[in-house]
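Sequence lines, in order, name chains A and B. Oh and the first sequence: position 68 is 67 in numbering that gives the first Met the number 0, straight run, nothing missing. Oh and the second sequence: position 116 is 115 in numbering that gives the first Met the number 0, straight run, nothing missing.
Take the hints with a grain of salt, since some may be wrong.
Here are the simulated BS3-like cross-link-like pairs (lysine-lysine), alpha carbons at most 30 Å apart as the crow flies [stated by the list, open to error]: (1) B:28 / B:115; (2) A:392 / B:141; (3) A:392 / B:115; (4) B:233 / A:392; (5) A:413 / B:21; (6) A:128 / A:325; (7) B:115 / A:342; (8) A:392 / B:154; (9) B:21 / B:233; (10) A:355 / A:325; (11) B:154 / A:342.
Keep in mind that the hints were calculated from the coordinates and are not lab data.
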Amino acid sequence: MTRQKSLETTFIEAFDKDLGLLPSDDSDAWTSSQRQAIRTFADTGFPRPKSEAYKYTPVTRWIGDTPLLQTPGPVSATRLPLSELPGVHLKTVNGQLASAPEQLPEGLTVLTLRSALETHPELVRQHLKRVSEGTSSDVFGTLAAAFAPDGLFIHIAPGAVLPEPVYIHHAAVSPDAFIQPRMLVVAGENSEAHIVEHFPEADAGSVFENRIVGVDVAMRARLKHLVVYERGARARFVNGLYVEQKGESVFSTNNMTLGGALVRNNLHFVPDGEHCETHLNGLYIARGGAHVDNYTLVDHVKPNCFSNELFKGIVEGGSTGVFNGKVMVRQDAQKINAYQSSKSIVMDDRSHVYAKPELEIYADDVRCSHGATTGELDDEALFYLRSRGIPEKTARLILLEAFARDVVDLISLKEVRTYLNTRLGQLLAD
Amino acid sequence: MNMLDIKNLHASIEEDGTPILKGLDLSVKPGEVHAIMGPNGSGKSTLASVLAGRDGYEVTDGSVTYEGHDLLEMEADERAREGLFLAFQYPVELPGVSMSNFLRHAVNSVREHQGKDELSAADFLALMRENAALVNLDPALKARSVNEGFSGGEKKRNEIFQLAMLAPKLAILDETDSGLDIDALRVVSEGVNKLRGPERSFVVITHYQRLLEYIVPDVVHVLVDGRIVRSGDKQLALDLEEKGYDWLREDAGVPA
Chain A
0 MTRQKSLETT FIEAFDKDLG LLPSDDSDAW TSSQRQAIRT FADTGFPRPK
50 SEAYKYTPVT RWIGDTPLLQ TPGPVSATRL PLSELPGVHL KTVNGQLASA
100 PEQLPEGLTV LTLRSALETH PELVRQHLKR VSEGTSSDVF GTLAAAFAPD
150 GLFIHIAPGA VLPEPVYIHH AAVSPDAFIQ PRMLVVAGEN SEAHIVEHFP
200 EADAGSVFEN RIVGVDVAMR ARLKHLVVYE RGARARFVNG LYVEQKGESV
250 FSTNNMTLGG ALVRNNLHFV PDGEHCETHL NGLYIARGGA HVDNYTLVDH
300 VKPNCFSNEL FKGIVEGGST GVFNGKVMVR QDAQKINAYQ SSKSIVMDDR
350 SHVYAKPELE IYADDVRCSH GATTGELDDE ALFYLRSRGI PEKTARLILL
400 EAFARDVVDL ISLKEVRTYL NTRLGQLLAD
Chain B
0 MNMLDIKNLH ASIEEDGTPI LKGLDLSVKP GEVHAIMGPN GSGKSTLASV
50 LAGRDGYEVT DGSVTYEGHD LLEMEADERA REGLFLAFQY PVELPGVSMS
100 NFLRHAVNSV REHQGKDELS AADFLALMRE NAALVNLDPA LKARSVNEGF
150 SGGEKKRNEI FQLAMLAPKL AILDETDSGL DIDALRVVSE GVNKLRGPER
200 SFVVITHYQR LLEYIVPDVV HVLVDGRIVR SGDKQLALDL EEKGYDWLRE
250 DAGVPA
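Use the sequences and the hints to build the structure in full.
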């Protein structure tokens, strides 16, 4: 109890020292929203040990007693493997836009979130408010909102169809620091875009990225999103993604967690309009004592929507995987089709998977299903491969790659699929 | 030298120690086809499993010599690379593993063991086409996952197709006829017959004589209670069809 209190106090005191907790006359909209966020954070506090949403993943354990809130000199990733692919390429340093992008395709706007307060005041103010008040974030998101010095703003104009993907290379981070990136993505009405975020391996020790991302998908917009997380074996990541969809829009996100010591994906979706389509998928490989938690909530508030969820995990070497997927269908949300599936392979006795699918349905005319399986690699399948002369190690690799490929195949970009299949092969062969 | 020499083989189920094979002897020469018949529970599938190296069985006595080497010392995949092939009674589905990927790994593992280069993509595809035709399999299957969504007959034909691809020295067919209608049985048998040769031996395990009308064996053995109680020519299979197994049980002093 004392320890938790002191950790929250640590953050609040740091905030007070830096920005001051009390409102000041000259403060701008950004700073005001930061103050609102730290108040929400102080009221909410970190999840208690019995918290349902965090019971398998006590994140504060990975924060430690003395989070490094100053950011020492950032280190760059040694390689940005996706940077040669055709598309728009953006880079961030500690979650902030590294340099103003040149030559953007028509309909795409990329700004810092602070400057977007000037250019798109209504959109941004509304987003800041929702996060700071905790309606579009949980406590980690509001913490990020309190400390983020700025953020990234991506806007796709109504009707714009981006011909190529937008790649965001989270290219540099400060070693061991607790950094708090934020981002707002707005897909205008009837627009179409594909956003790929890459967190490449960087020699950044136990860097903790606690980020909050808001995504607004307008009427009939079609937005695809992919996150590939490949930081080092000590890195930590809380990935808050809050998506709101308007009618007839299609949104998909795919989360590839291939690195890190702690990864918690907080994925929230509100299809707030009829005939929305939502796809959320993920693949994780937890090795060497890592802890990976995919927490998803699809909140169906409007009728005639479709959502589909597929998460797969491979867990080995004393690691832990968690899948906690909740689908909520509100009373007026009739004719919902909502599907959810979670599958994991546990490679050894020291590793564990906790799967907790939840359906909460208040409407009476819906089709919902969920399934969760956890098991070892199939002995009979392994023997079948070996009986054809394939050495055991290769046989295992073939089966694991086949297991993972389902999720990779959902990515529509061929070059990215090729990259991921190669990386998976390397990781699994280790 | 014999292809296979089994002497006084005793094997039990590892989990609970139940003895299944109780002193089995069998010798197979190159090019011979041996049929092993027997009632349910006599140990037919256990014999196939022990020969192929499946986990879960313990050999408690006896020996198995394959081409002069101790077979039981080898891992399952090593046995396969040395030219032993098991056609499964229940072929396993491998979702997400394409037939071509599976066979490319298998064929090249065997070739590497034999000191040969990997097959080129073109040669490999040609080999697949040729062997698929042998058992009337649709060549489009190469893109499909192994056995996934295959009918019962397709699965069994797929086993013989794999046999053809790997060109083993000793093939064990474990109840390849079970679940096949007469047309599929004919296709499978014709495939096997085309693969017979002076250097290749077969051990055909079956419950019924029906298969042996198509794959005519050189020797028929009857397995009862973990031992071979009688051996003969193909006439023995016909006698069994007519009289059942009970008369042999009595001869062998085993209660029915």
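Hints and how they fare:
Only pairs whose Cα atoms come within 30 Å are accepted, and residue 28 of chain B paired with residue 115 of chain B is accepted, the gap being roughly 26 Å. With a C-alpha separation of about 23 Å, the suggested pair residue 392 of chain A and residue 141 of chain B falls inside the 30 Å cut-off, and the hint holds. Proposed proximity of residue 392 of chain A and residue 115 of chain B is supported: the alpha carbons are some 21 Å apart, at most 30 Å. For the proposed pair residue 233 of chain B and residue 392 of chain A, the alpha carbon gap of about 43 Å is over 30 Å, so the pair is violated.
Straight-line distance between C-alpha atoms of residue 413 of chain A and residue 21 of chain B comes to about 57 Å, which puts the hinted pair past the 30 Å bound. The suggested pairing of residue 128 of chain A with residue 325 of chain A holds, with an alpha-carbon distance near 25 Å, which does not exceed 30 Å. Our distance criterion of 30 Å between C-alpha atoms is broken by residue 115 of chain B and residue 342 of chain A, whose separation comes to about 39 Å. At most 30 Å may separate the alpha-carbon atoms for a hinted pair to count; residue 392 of chain A and residue 154 of chain B meet this at roughly 25 Å.
The hinted pair formed by residue 21 of chain B and residue 233 of chain B meets the criterion: a straight-line CA distance of about 25 Å does not exceed 30 Å. Between residue 355 of chain A and residue 325 of chain A the CA atoms are separated by roughly 8 Å; this keeps the pair inside 30 Å, and the hint holds. The suggested pairing of residue 154 of chain B with residue 342 of chain A holds, with an alpha-carbon distance near 26 Å, which does not exceed 30 Å.
Hint violations for this structure: numbers 4, 5 and 7, all remaining hints satisfied.
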